[in-house]
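These protein sequence lines are chains Y and W, in that order.
Note that this note's numbering has the first sequence beginning at 8, numbered continuously upward.
Note that this note's numbering has the second sequence beginning at 258, numbered continuously upward.
Hints were generated in silico from the structure; no laboratory data involved.
On a predicted model such as this, the values are computed, not experimentally measured, just so you know.
Don't be surprised by glycine CBs; every beta carbon is placed ideally from N, CA and C.
Don't take each hint at face value.
Calculated cross-link-like contacts (lysine-lysine; reagent style BS3-like; alpha-carbon spacing at most 30 Å) [stated by the list, open to error]:
| no. | chain 1 | residue 1 | chain 2 | residue 2 |
| --- | --- | --- | --- | --- |
| 1 | Y | K63 | W | K312 |
| 2 | Y | K75 | W | K298 |
| 3 | W | K323 | W | K271 |
| 4 | Y | K117 | W | K312 |
| 5 | Y | K75 | W | K321 |
| 6 | W | K271 | Y | K49 |
| 7 | W | K298 | Y | K78 |
| 8 | W | K277 | Y | K117 |
| 9 | Y | K117 | W | K321 |
| 10 | W | K323 | Y | K78 |
| 11 | W | K312 | W | K277 |
A short list of chain Y residues far from chain W (calculated; beta carbon distances all over 12 Å) [unchecked claim]:
| no. | residue |
| --- | --- |
| 12 | S35 |
| 13 | K49 |
| 14 | Q52 |
| 15 | I55 |
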Amino acid sequence: GESVGLHLPTLSVQEGDNSIINCAYSNSASDYFIWYKQESGKGPQFIIDIRSNMDKRQGQRVTVLLNKTVKHLSLQIAATQPGDSAVYFCAENIDNNDMRFGAGTRLTVKP
Amino acid sequence: GAVVSQHPSWVICKSGTSVKIECRSLDFQATTMFWYRQFPKQSLMLMATSNEGSKATYEQGVEKDKFLINHASLTLSTLTVTSAHPEDSSFYICSASRQTSGSPLHFGNGTRLTVT
Chain Y
8 GESVGLHLPT LSVQEGDNSI INCAYSNSAS DYFIWYKQES GKGPQFIIDI
58 RSNMDKRQGQ RVTVLLNKTV KHLSLQIAAT QPGDSAVYFC AENIDNNDMR
108 FGAGTRLTVK P
Chain W
258 GAVVSQHPSW VICKSGTSVK IECRSLDFQA TTMFWYRQFP KQSLMLMATS
308 NEGSKATYEQ GVEKDKFLIN HASLTLSTLT VTSAHPEDSS FYICSASRQT
358 SGSPLHFGNG TRLTVT
């Protein structure tokens with residue numbers, strides 16, 4: 008069936024560098040996407056979302072880009088900090104908040 | 258602050274016993290809550306959708322008689338793992354949304370279940 012997936016399972020970056028985490032989705036009917044951050048032993052924490060009528064949305068140090076043509080979603084983190092180390096999941100809203108998650112990318116920030 | 262509270266945060270039980278996990282929306286009413294299971298180093302897998310006042314909707318492969326869901330009020334859903342076995346050991350997470358669609362899910366902090 009259609010699903011959300013991630014290109015990179017792990018990502019290691021130097022503190023201060025920018026991070027880019029990618030996600031591919033296949034459900035063309037999805038109209039709402041969210042990035043979550045999950046720290047060890049905790050539930051996912053909302054980072055940023057974007058609707059399908061937008062290509063880009065910015066938050067504090069984070070930017071989400073949506074390319075509907077190739078069904079690609081990315082999360083950019085500026086000036087990555089050690090506290091950003093976590094697993095990041097993209098999720099697509101199938102219907103009525105039925106949220107399907109990608110495989111996740113573990114981000115490690117090296118001091 | 259947290260808008261979804263989950264309890265307990267961790268539990269150890271013996272094989273064959275049942276365990277109940279609670280999920281509460283703290284400052285909003287949630288007609289729908291979701292239960293996920295997460296194995297180590299894996300993503301969240303939706304188990305079931307909990308509907309207030311009606312039966313839960315289970316995902317394919319999830320046994321409804323083993324994972325009992327009760328959504329008796331607009332702020333509380335419970336998941337009971339019945340006759341637990343070691344393979345049920347996992348991280349169980351609930352979520353809820355303030356709106357019916359197109360808004361972020363708020364997640365509880367999960368329950369680590371260990372069945373010995």
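> So which of those numbered hints doesn't the model satisfy?
Replying inline: 1, 4, 5, 8, 9, 10, 13, 14 and 15
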